[in-house]
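Visitor: Single-letter residue listing:
Number of protein chains: 2
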Amino acid sequence: MTDEATMKAAMQAYVDAFNRSDAAGIADLFADDATVEDPVGSPLKSGKAAIADFYKMAVATGARLELAAPIRASHGNAAAMAFNVRLNMPEGKAHIQVIDVMTFNEAGKFASMKAYWGKSDMVLEK
Amino acid sequence: MTDEATMKAAMQAYVDAFNRSDAAGIADLFADDATVEDPVGSPLKSGKAAIADFYKMAVATGARLELAAPIRASHGNAAAMAFNVRLNMPEGKAHIQVIDVMTFNEAGKFASMKAYWGKSDMVLEK
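So the protein sequences, as listed, match chains A and B.
Each residue of the first sequence is one higher than the one before, counting from 1 in the UniProt record's numbering.
Each residue of the second sequence is one higher than the one before, counting from 1 in the UniProt record's numbering.
Hints listed in this document are in silico derivations from the structure and should not be mistaken for laboratory results.
Built from N, CA and C at the ideal position, the CB exists for glycine as well.
Take these hints with a grain of salt, some might be off.
[To be verified] Listed next, the in silico BS3-like pairs over lysine-lysine satisfying Cα-Cα at most 30 Å (straight line): (1) A/Lys109 with B/Lys45; (2) A/Lys109 with B/Lys119; (3) A/Lys45 with B/Lys8; (4) B/Lys119 with A/Lys56; (5) A/Lys93 with B/Lys8.
[What the hints assert, rightly or not] According to the in silico footprint, chain A covers these stretches of chain B (three or more CB under 8 Å from chain A): (6) 67-75; (7) 93-102.
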């Protein structure tokens, strides 16, 4: 099982890679057969190629991730984190309130990612 | 599908009932066939009776829940929230950093609850 410190370090590495606009660095954190559901309730992206494409688009927005509270681990192969996605919209500065849950494979790579956020979690700041 | 406002209100009702030490009020938020995995990686509690027993023990500790960030919804039947569980340990004040993810049935009751926290999320405050 992946230990708590390793899982938390991978979650932090995800935030850091995103904030460097490093889509390849994000994709490297995922297992080859991983899945991404972002937001929860939307179609799954499956496999490293689809996931790499998704993050290329995501970082191209210039969005930045800011943890809202310390990253949580678990007693299993899963960890979770609450953060804000800061972005510039045509209407002004905005953020999306998100919680990501990642599960891990035995190699310490993300096996799945689920991003919990709804329309009501998008906040226009002015 | 349960709308975002209804899901967020149920999450807030869970926090409020916990903070009134109202175990029956918490149990009422769950479907009859719901499951609870707290912490993630521990055996499932299944069904309302087991869940009611679990929350009777939980509120008897005198613990209090404090949101660490706004509750998140999703585009599906799920919502998530980051909070701290504040409690008094023999060693002093402490808190546990937790993220709960709830899924909802069509009646707006919790179908499942998963609590993400590990040993590294228990913080002794002094």
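Visitor: If a hint holds in the structure, say so; if it does not, say that too.
Guide: Verification of the hints:
{"no.": "1", "hint": "A/Lys109 with B/Lys45", "in the structure": "28 Å, holds"}
{"no.": "2", "hint": "A/Lys109 with B/Lys119", "in the structure": "21 Å, holds"}
{"no.": "3", "hint": "A/Lys45 with B/Lys8", "in the structure": "26 Å, holds"}
{"no.": "4", "hint": "B/Lys119 with A/Lys56", "in the structure": "35 Å, violated"}
{"no.": "5", "hint": "A/Lys93 with B/Lys8", "in the structure": "24 Å, holds"}
{"no.": "6", "hint": "67-75", "in the structure": "holds (count 7)"}
{"no.": "7", "hint": "93-102", "in the structure": "holds (count 4)"}
Comparing the model with each numbered hint stated earlier shows that hint 4 is the single one that does not hold.
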